[in-house]
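S.K.: Residues per chain, in single letters:
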Amino acid sequence: MTKEALRLHGVRKVHGTGENQVVALDGVTLSLSAGTFTAVMGPSGSGKSTLLQVAAGLDRPTSGEVFVDGREMTGGETELTRFRRDRVGFVFQQFNLIPTVDVLANVLLPAKLAGRRPDTARAEEMLGRVGLGDRLRHYPHELSGGQQQRVAIARALVTSPAVLFADEPTGALDTRSARDVLALLQEAVRVHGQTLVMVTHDPVAAARADAVVFLADGRIVGRMISPTVDAVAERLAHLGDDLVRG
Amino acid sequence: MLSLALASLRHRRSAFTASFLAMLLGATMVMTFGSMLDTAVAPGVDSASSETLITMASVVGGWSLLLVAFAVSSTLALALRQRATEMALLKSVGATPGQLRRMVIGETLVVCLAGATAAIPFGWGLGHLLLNLLRSTDQVAEGVTHAFGPIALGQGYGITLLSSLAAALIASRRASRQRVTESLLEARAPVPARIGLVRGLCIAFFLAAGIAQAVLTATVMYGKGSDAMQTAGSADIWFAIGLSLFAPLLIRRVPAALPPIVLFIGIATGTLSMQDMDNRAAAAAGLVKTTEQRNIETLNLVVIAMIALFACIMLINTLIAATAHRSREFGQYRLIGATPGGLMARVARESLALTAVGAVLGTAAALVTILPYSYARTGEWTPDLNPFISPAVLVVAAVVTFTTTLATTRRVLRTPAIRAVFA
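Residue numbers (our numbering), protein chains in the order written: chain V, 1 to 246; chain C, 247 to 669.
Hints are supplied without guarantee of correctness; some may be wrong.
[Unchecked claim] Pairs of lysine to any residue, SDA-like flavour, derived with a Cα cap of 25 Å:
1. V/K3 with V/G133
2. V/K112 with C/F648
3. V/K112 with C/R595
4. C/K470 with C/A529
These aren't lab readings, by the way, just hints derived from the structure by calculation.
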């Protein structure tokens, strides 16, 4: 009954030309309902970051279709950017905050870039939600890594995207900050109905999701509903076996 | 460390292109005027020809030495500043400040020697043309032949080596002072908009030197006719350098581009107006211009054009280097929703700000040449100026700034945002 937030249909992505061709995604078909939290896992080079970039409209698929919030993602960079502004948010391993403006201005930036009137009250509310309501006027370099990542999350959520994509969002953080960041992401899904797709190599992070999609050699090789840390780690350890047998 | 320096040069060819170009063009100009001195001291040159050559080489050659020293050191300083992260990485794997310094100086020497050596044929050729021009305008006797020797080479290599080594030393000192963690941090603190002690002293020195030349022009050179150009001509260069060192306070984006635009506007407006005033003063004195005088005018304009062209190329060079380095910054904006068109508009607004500040400072610098020269030449502080010179120079500066910056931005934006940020 729930609405479909993201759909990939037969998505292929080939990097390079001629003899140096590498197939990063080999016919991926995937559908995610609104309000779900999905983790994407797989060994290095399995295509998980490419999958996220193509799904988020940061890269174009070689063939196949991507639909976000029921609309197909097409066009040149300008059209794709306009499309992303309204429907897509990201969080990366690196925080990518603009170092020359303060925390509040960083969160207001997406609206300003989209030519909308920046909603300061909403930006402050988002920063309050990530626990940084008292750091509005600080600059990124004055914050810890965990705090910077929380600003990045506030910046991604402030536009109310249909889908939030996170690529190893805890990869650069210590255990404690990583736990805080994961709790925030989970809260966005459970409390606020956010759709979230997270690429990770960490079974602890993946176990927070509703479902895990396993990727190997550019193909979806498995799915797990209601994952646990041990089950995910176990499955991941034997992904190679499946491939050898398959 | 030299092998590391050479590897760094090989892999960062584009980053070094700007430095190499600055050294090549700078050494070419210095060698051109230096060869006039070589020609003057060659045996068998009559005293009148020799004097003309020495005057030209020391007056205009002196301006060019100053301009080249500043252009070379600021271009190199920009290239080195853009490598702060690489330096931090080297430190994090155990490079000592001494090793970093040796690496930076090693690279600089290689680029510098390559640039100055490549300049030899150009300097020789331009020197040859300049002497031909001097002979055809009868300022130098027919029999004088062009010589390219120790003075041209010494000045060419000397000025590029000295100014680039100075820049390399300052840059490596800054790099070795910075803590490793601080320099590797992604969210580096923005550069504070303030003037440090060294910069403050430099500003005071260059502004004072400019004012000193202006005072000399209005006092010692008063009533000495065209000879006042000797002191007035360099006043705007000194003053422009001094003013442009205020860049970090005035321009938030690409402050490195302010010095070349101020120098270009200052020198082009100042020297062209000076030559124009000289022509008008001669006409007002009721002198009917002889062919010889017309020829001298042409020659002066050629020399001024050469210097202005150098300043203009330095402006283009710096704008390309500074804009190309913003790939990651642009990428970050693109990831959070800036369109290519939006970024182009943003860059255009920055170019407008740069041109406006450059126009104000450059015009101020030009006045430091124009006003005292007017007083020395005509006894009037309010000069009768050609109304087209300043607007024409400003239009050229604006067109160069906008087209270079926008074209480079367009090229930078061809890299997908995701690669620009994470590669």
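S.K.: Compare the structure with the hints numbered earlier in the document and write down the numbers of the violated ones, lowest to highest.
M.R.: 1
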